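Could you build the full structure based on these sequences and the hints that come with them?
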Amino acid sequence: MEVIKTAIEGVLIIEPKVFGDHRGYFFESFNEREFALKTGQELHFVQDNESKSCYGVVRGLHFQKGDKAQAKLVRVIKGRVLDVAVDIRPDSPTFGKYVSAELTAENHRQFFIPKGFAHGFAVLSPEVVFQYKCDEFYCPEAEGAIAWDDPDLAIDWKLPAEDVILSDKDRKHPRLKEAEL
Numbered sequence: 000m001e002v003i004k005t006a007i008e009g010v011l012i013i014e015p016k017v018f019g020d021h022r023g024y025f026f027e028s029f030n031e032r033e034f035a036l037k038t039g040q041e042l043h044f045v046q047d048n049e050s051k052s053c054y055g056v057v058r059g060l061h062f063q064k065g066d067k068a069q070a071k072l073v074r075v076i077k078g079r080v081l082d083v084a085v086d087i088r089p090d091s092p093t094f095g096k097y098v099s100a101e102l103t104a105e106n107h108r109q110f111f112i113p114k115g116f117a118h119g120f121a122v123l124s125p126e127v128v129f130q131y132k133c134d135e136f137y138c139p140e141a142e143g144a145i146a147w148d149d150p151d152l153a154i155d156w157k158l159p160a161e162d163v164i165l166s167d168k169d170r171k172h173p174r175l176k177e178a179e180l
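Numbered according to numbering that gives the first Met the number 0, the sequence shown terminates at residue 180, and the numbering increases by one at each position without gaps.
By construction, these hints were calculated from the structure, which means they are not laboratory data. All values derive from a computational prediction rather than experimental measurement. Note that the Cβ used here is the ideal one computed from N, Cα and C, for glycine as well. There may be inaccurate statements among the hints.
Said to hold, decoys possible - Using C-beta positions, here's what the derived DEER-type ranges look like:
id: 1; residue 1: R170; residue 2: A141; range: 19 to 25 Å
id: 2; residue 1: E33; residue 2: E161; range: 42 to 48 Å
id: 3; residue 1: R174; residue 2: N30; range: 21 to 27 Å
id: 4; residue 1: C53; residue 2: K4; range: 28 to 34 Å
id: 5; residue 1: F136; residue 2: L180; range: 17 to 23 Å
id: 6; residue 1: R174; residue 2: V17; range: 38 to 44 Å
id: 7; residue 1: A141; residue 2: R174; range: 18 to 24 Å
id: 8; residue 1: E140; residue 2: E8; range: 25 to 31 Å
id: 9; residue 1: E105; residue 2: K168; range: 28 to 34 Å
To be verified - The list that follows gives simulated cross-link-like pairs (lysine to aspartate or glutamate, DMTMM-like), each with its CA atoms no further than 20 Å apart:
id: 10; residue 1: K171; residue 2: D149
id: 11; residue 1: K77; residue 2: E49
id: 12; residue 1: K64; residue 2: D47
id: 13; residue 1: K132; residue 2: E101
id: 14; residue 1: K64; residue 2: D134
In structure tokens, the structure reads:
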């Protein structure tokens, strides 16, 4: 696997080594030993999640707080998304900044989001199947979120605003400067 650093320390793009031939392809989507060796992150993932969404869906920007904060390793099984990580660590020099990566079923890229980041994605294909690993169990009492369209973040979701589809919950999130971190 190849590890690609992003503009924010700790947020990484992971490119697995894909073996392909006339039958199709094979790759290791996760190997704890190699991940630790190449990223310097010794994590134990405890929960895998999967979602299916249609074009225009924006999920996020979600996070968990305190000792229930989660690191995530995300990838696309079918389709294409713009995946976004926002630094919400108050003492960080990159607080309020974001990085994004296009993840597709074809490029097999994964996005590693460490603890202390809000996470979200926008569906850019007709349909997407999205998977992610978490190193902490979901805890409703620790959940937090930021408005996907916070003007201070100015995230370019690569979607026309009129095409964005949100859950009722995601419509009501505060801006970063009002969020309880």
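These are the hints, each one checked on the structure:
no. : hint                    : in the structure
1   : R170 / A141: 19 to 25 Å : holds, 21 Å
2   : E33 / E161: 42 to 48 Å  : holds, 43 Å
3   : R174 / N30: 21 to 27 Å  : violated, 39 Å
4   : C53 / K4: 28 to 34 Å    : holds, 32 Å
5   : F136 / L180: 17 to 23 Å : holds, 20 Å
6   : R174 / V17: 38 to 44 Å  : holds, 40 Å
7   : A141 / R174: 18 to 24 Å : holds, 20 Å
8   : E140 / E8: 25 to 31 Å   : holds, 29 Å
9   : E105 / K168: 28 to 34 Å : holds, 31 Å
10  : K171 / D149             : holds, 11 Å
11  : K77 / E49               : holds, 11 Å
12  : K64 / D47               : holds, 19 Å
13  : K132 / E101             : holds, 18 Å
14  : K64 / D134              : holds, 13 Å
Consistency note: the structure conflicts with earlier hint 3 alone.
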